[in-house]
Structures are given as structure tokens and as C-alpha cells.
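Participant: This is what each chain is made of:
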Amino acid sequence: MDVLGRYRNLIVLVGVLFAQVLGLAVQVKRTTDSESTRLIRIWAVGAVTPLEKMLVWAQSSTGNIWHSYFYLRGVRSENRSLKAQIERMSLEQVRMSQDADQARRLQALLAFKEQFISQTMAAQVIGSSGSELSRSVYIDKGERDGVKPDMAVITADGIVGKVLRVYGSTSLVLLIDDQTSGVGALLDKTRLQGILRGTPSGEVMLEKVMSDETVPAGEMVLTSGGDGVFPKGLLVGRVTRVAPGSELFLNIRVRPAADLSKLEEVLVVTKIDERQAEPDQTGAARAVDILAERLPSVPAKPENAEKGGVPGAAAPTDAAPKPVGPATAGPTATGSDTKPKTVPPQASTSSGATGNSATKVSPKPVNAAGEPKPQPAVQDSPH
Amino acid sequence: MRLANPNRNPPYRIVHTNLAITYTSGEQVEVYRFSIPATVLIPLAAVFLQAFLPLRFRFFSIFDLPLLVTIGFATARRSPLAGLLTGSLIGILQDALTHHPIGLYGISKTVVGFGASSLGIKLDVEHAGARFLLTIFFYVVHEVVYFMIARGLVGLHMEWSWPHELLSGVANAALGVLIFMLLDRVKQRT
Numbered sequence: 001m002d003v004l005g006r007y008r009n010l011i012v013l014v015g016v017l018f019a020q021v022l023g024l025a026v027q028v029k030r031t032t033d034s035e036s037t038r039l040i041r042i043w044a045v046g047a048v049t050p051l052e053k054m055l056v057w058a059q060s061s062t063g064n065i066w067h068s069y070f071y072l073r074g075v076r077s078e079n080r081s082l083k084a085q086i087e088r089m090s091l092e093q094v095r096m097s098q099d100a101d102q103a104r105r106l107q108a109l110l111a112f113k114e115q116f117i118s119q120t121m122a123a124q125v126i127g128s129s130g131s132e133l134s135r136s137v138y139i140d141k142g143e144r145d146g147v148k149p150d151m152a153v154i155t156a157d158g159i160v161g162k163v164l165r166v167y168g169s170t171s172l173v174l175l176i177d178d179q180t181s182g183v184g185a186l187l188d189k190t191r192l193q194g195i196l197r198g199t200p201s202g203e204v205m206l207e208k209v210m211s212d213e214t215v216p217a218g219e220m221v222l223t224s225g226g227d228g229v230f231p232k233g234l235l236v237g238r239v240t241r242v243a244p245g246s247e248l249f250l251n252i253r254v255r256p257a258a259d260l261s262k263l264e265e266v267l268v269v270t271k272i273d274e275r276q277a278e279p280d281q282t283g284a285a286r287a288v289d290i291l292a293e294r295l296p297s298v299p300a301k302p303e304n305a306e307k308g309g310v311p312g313a314a315a316p317t318d319a320a321p322k323p324v325g326p327a328t329a330g331p332t333a334t335g336s337d338t339k340p341k342t343v344p345p346q347a348s349t350s351s352g353a354t355g356n357s358a359t360k361v362s363p364k365p366v367n368a369a370g371e372p373k374p375q376p377a378v379q380d381s382p383h
Numbered sequence: 001m002r003l004a005n006p007n008r009n010p011p012y013r014i015v016h017t018n019l020a021i022t023y024t025s026g027e028q029v030e031v032y033r034f035s036i037p038a039t040v041l042i043p044l045a046a047v048f049l050q051a052f053l054p055l056r057f058r059f060f061s062i063f064d065l066p067l068l069v070t071i072g073f074a075t076a077r078r079s080p081l082a083g084l085l086t087g088s089l090i091g092i093l094q095d096a097l098t099h100h101p102i103g104l105y106g107i108s109k110t111v112v113g114f115g116a117s118s119l120g121i122k123l124d125v126e127h128a129g130a131r132f133l134l135t136i137f138f139y140v141v142h143e144v145v146y147f148m149i150a151r152g153l154v155g156l157h158m159e160w161s162w163p164h165e166l167l168s169g170v171a172n173a174a175l176g177v178l179i180f181m182l183l184d185r186v187k188q189r190t
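So the sequence lines, in the order shown, correspond to chains A and B. Residue numbers for the first sequence follow this note's numbering, beginning at 1 and rising by one. Residue numbers for the second sequence follow this note's numbering, beginning at 1 and rising by one.
Worth flagging that the hints you see were computed from the coordinates, not collected in a lab. Virtual Cβ for every residue (Gly too), placed ideally from N, Cα, C. Treat the hints with caution; some may be incorrect.
Looking from chain B toward chain A, a few residues come up when the C-beta cut is under 8 Å (computed) [what the hints assert, rightly or not]:
#1 S35
#2 P37
#3 F48
#4 L89
#5 I92
#6 H127
#7 A130
#8 L156
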């Protein structure tokens, strides 16, 4: 008894350490959380995240007030430059949609199946794990919002990570620069496939690319879709350094396109559709037609003037010229606040560049059965 | 004349006191306690700030606030039992926020809590210099224990870098001195 009393502190220390080592060993052996560890995590997350949410909300509200009401300097010039950018991008989109349509026709011939991000949900990053060795963040959407484990998390710049654990109103997202993460990736031009992993120091490496391959620095890295989490073709980042590695593989360092150290808002991909590619039967709008829409047109003649039968007068139009959206968007268009960026062309001008002559209305795209053809579109859930 | 039995009536009296003699100064040191709200809220605030601030200030990830609070509590209370239990609970709370198994920080901080309180009995840790050195020492101990468990038991790939650890230790010690000064304001004499 005297010995027990004398070494009481040491005995308790050994007991506590033994219990924790034992618990750790059991967790390592198991692949899923047990009920007790899950409870501890729920309590800890429940104790910390409400305050984080509150602070993030207060911070964003203050920021919104400042940016929306006080800090409006340069908005006019920014608006002008953005409009000019939209013009340029619309023309570029027409060209790209033609390429995409051609690709879809070829894919349809080969019976390819495409993956479409059909639903995303915007979420706010509210906190981190607090450890340099656990590169993960908490978002303010959880089970109640429909978030499930293994959902992809992206930003407009590139992929971010995947949902690892889901709680009631928050979720833990494992970032792609964590050493336990793994993303199927491929190089854009060379089409070489590999596995993207993080390192303990927070770098992102593309592994399993054979050392006899040539990989130029600056090449884009995309998701390959092989991991079952990210759909194929999402931007991951760019190759920054290539060096011969151990064994037969190259050491390829990748700089993520999304800034993982300054994450504020992300998109959780809540729904991915997989369907066979179908070529667009309607044909894409031409660049010249887009330009024609923007040119000033001759105003419509008054009715009495037409009755007068003036020779050379324009024929009546059977549909008012509407702004024409180019062909359907690519499969990676996302964004909760972005409505479907493009609509199927329903009306297209068929005349010359002046745009003052007759327009014709194209029928809605239909398939062989006469039903409207499905279009890849992004549906967004409410924020 | 009756001789006094030295075993029955010792010429000294054993007094159970909260004061201990330190090795370093030979002075008696006092034992402190913290109120229940402080005991609960300070570690929670430390874990919260550790999770919240690195997102806004990247450099903050070099600090380990829960570790500093563990050392601060342990050296003030000077009770190994309280120190190891405080360290264990703070560590488990910190573990629960990561995606790693629970116990990595728990074990490391249990060892630090026990060590800091045991050393706090013997050393005078009221001065800023002593606190600074003590924090560097226990930061390195914490990292060594974490490294061993993470590599040996969990199988994580980790790289040990002495310059990085020592630099982080110094940064943590500097912040630790400030935090201990704040803790001095809420601690109470027993």
C-alpha cells in the first residue's frame, strides 16, 4: 500500500498512457471510427465550430457592408473592363463550343460516357484542424445540408479535396496536400497518369510516372476520374519541378491551382451524372452571328409604311431577335451562384451581318423519339 | 530522568503544506489553482484559436497554443496528477479536430503535463527566463514523443528537422512567456 501511495503519480501516468496507446492501436487497426471516438469527435467539433461559424459570419457581414456600401472606388471602370471581357469570352466560347460539339460527336461514335457535375453546393470554410500534420479544413455544411463522405470539394480555380467526415452542420474536408490523400491525375498534353499525394511538408507530388517519360515544367495536371471522387478533367494545378526520383519513377512537384492556404469559399459537388455523350444536333451559333447581334440594327418599319408596299422593304420577322447563347457548356461548369452559363440555342439569326433581315427560330433540340434532348446543365442548390 | 524516545517524539514536526522547496533558488514556491470556468474555458479557447487563426494567418500554424496552456497549467498547479490529466484532456480535444487517430496529441501532452508539473515542484518557474527555457525544452519533448508515436504506431511519414523544431520552440517559448503572464492573472493561491 505504501509503495502504491509513493508511486501513485507514476502509476496513473503509466495507466493513462497505456490506455491511450491501446486506443490508438485499435483505431489504427480499424478503418472506420468506433462509436466512442466518433462521440469524442462530435463533442469536440460541437464545442469549437459554433464559435468559428459565428466569427466567420461576423467577419463576412462586416466585409460585405464595407465592400457593398463604402468601398466602391473603381467599380465603373471595373464594370467596363468586365463587359469587354464578356464580349471577348462570348466569341471565344462559340469557337470552343464548336470544338466541343465535334468532340461529343466523336465520343458518341465511340460510345464514351462522360461525367457531368450536375449539382454543387457553396460552403464557407470556417476552421482548420489546427495541426500542420493534418491538412484539413472544416466547412459550414454538413449532414443536414446533404453532404456525404467522399464528395469532391472544388473552387473555381481547381480542386481542393474531398469530404472526409460529416457532422450535423459541419464537415471535415481532407485537402489534396495532406499526406494521406490520393487523387487520380493525368497530365494534360502527354496524357500520362499518376497519383497525386501530399507530403509532410505540405507539397503536392505526382507519383507513379515512369522515369523514362518526359514531363515539361508548366504542364497542366487534371483529374483522371480514376479515384471515383473527382470527375475527369478538373484542373488540379501545374507542374513546377521534375526530378528523377527513387526507383523507376519521377518526382514531379505540382503547384495546386487553388490556393489551399487561403480558402474561404468552396463548392461541394453533391451530384455527378454519368451519361453517354450526344452530339448537338442544332449546330452551334457562329461567331459572325454573335457579332451581328451586337451591331446596331435598322429599326422596324411602321406598319402603315409596309402596307404602302415600299419596294425593298425588309420582310417581317417571325421572331424577335433574342440574345443567342452559344452551345452547351462543358461538363465542368460549376458554381452555386452561377446559373447555367449557357442555354441551348433556340433562335439563331440566319442572315448576314447586318442583322436587319429575317430571323428564323430553330426548334428545340429533340432526339429521335421526338422528346426534348437533355442538355448538360448545372443545377445549383440554394446557398 | 526519563529519556525521550527519538522514534516516538521526533524533534521536528511534519507539516503538510502547499509550499515546496525548489532546487534552483532554495526558496519555497507556492501552489496555485484555477477556478472551474478558467479550467474549462482557457483550454477550449486555446484549441479554438489554434483551429481558427492559421486559416487567417498562415504563420500561426507554427505555434501550439494548447501545449502552452498545458505547460502553464501544469507549472502553476505543481501537481503531476493534475498536470497529466489536463494534458491528456487538452491533447484528446486537439486530436478530435484532426483526421488522425485520437491519442497522438493526447499521449504527447500527457507526458508534457506530467513532466512540467513534476519539474515545476523542483524548479522556480516564476521568472520569465526560466519559463522561456522550460517551454523550449517541453516543446521539443512534445515533438519527439509525437514524432515517435506518429511514425512508430500510426505509420505517418514524418521528417525530423532540428533547425525547424528549435526555431518553433523559440517562437513558442516567446509566446508562452506572454501566455503565462496572462495565466498569472487568473490563478489563485491555495
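Participant: Does the closest beta carbon of chain A sit nearer than 8 Å to the beta carbon of B:A130?
Facilitator: Nearest chain A Cβ about 22 Å off; hint violated.
Participant: A closest beta-carbon separation below 8 Å is what the hint needs, so does B:L156 meet it against chain A?
Facilitator: holds, 7 Å
Participant: Should the interface hint for B:P37 be scored as holding, given a Cβ-Cβ cut-off of 8 Å against chain A?
Facilitator: Violated: closest Cβ of chain A sits about 15 Å from B:P37, beyond 8 Å.
Participant: Close enough to count: is the Cβ of B:L89 nearer than 8 Å to one in chain A?
Facilitator: Where the cut-off is 8 Å and the nearest Cβ of chain A is about 10 Å from B:L89, the hint is violated.
Participant: Min Cβ distance, B:S35 to chain A: is it shorter than 8 Å?
Facilitator: Status violated, d = 19 Å.
Participant: Taking 8 Å as the limit, does the beta-carbon of B:I92 come near enough to a beta-carbon in chain A?
Facilitator: holds, 7 Å
Participant: So, as I understand it, the hint says B:H127 touches chain A; can you test that by seeing if any CB pair is closer than 8 Å?
Facilitator: violated, 26 Å
Participant: Double-check B:F48 for me: the hint is only fine if its C-beta lies closer than 8 Å to a C-beta in chain A.
Facilitator: holds, 5 Å
Hints 1, 2, 4, 6, 7 from the list above are not met by this structure, while the remaining hints are.
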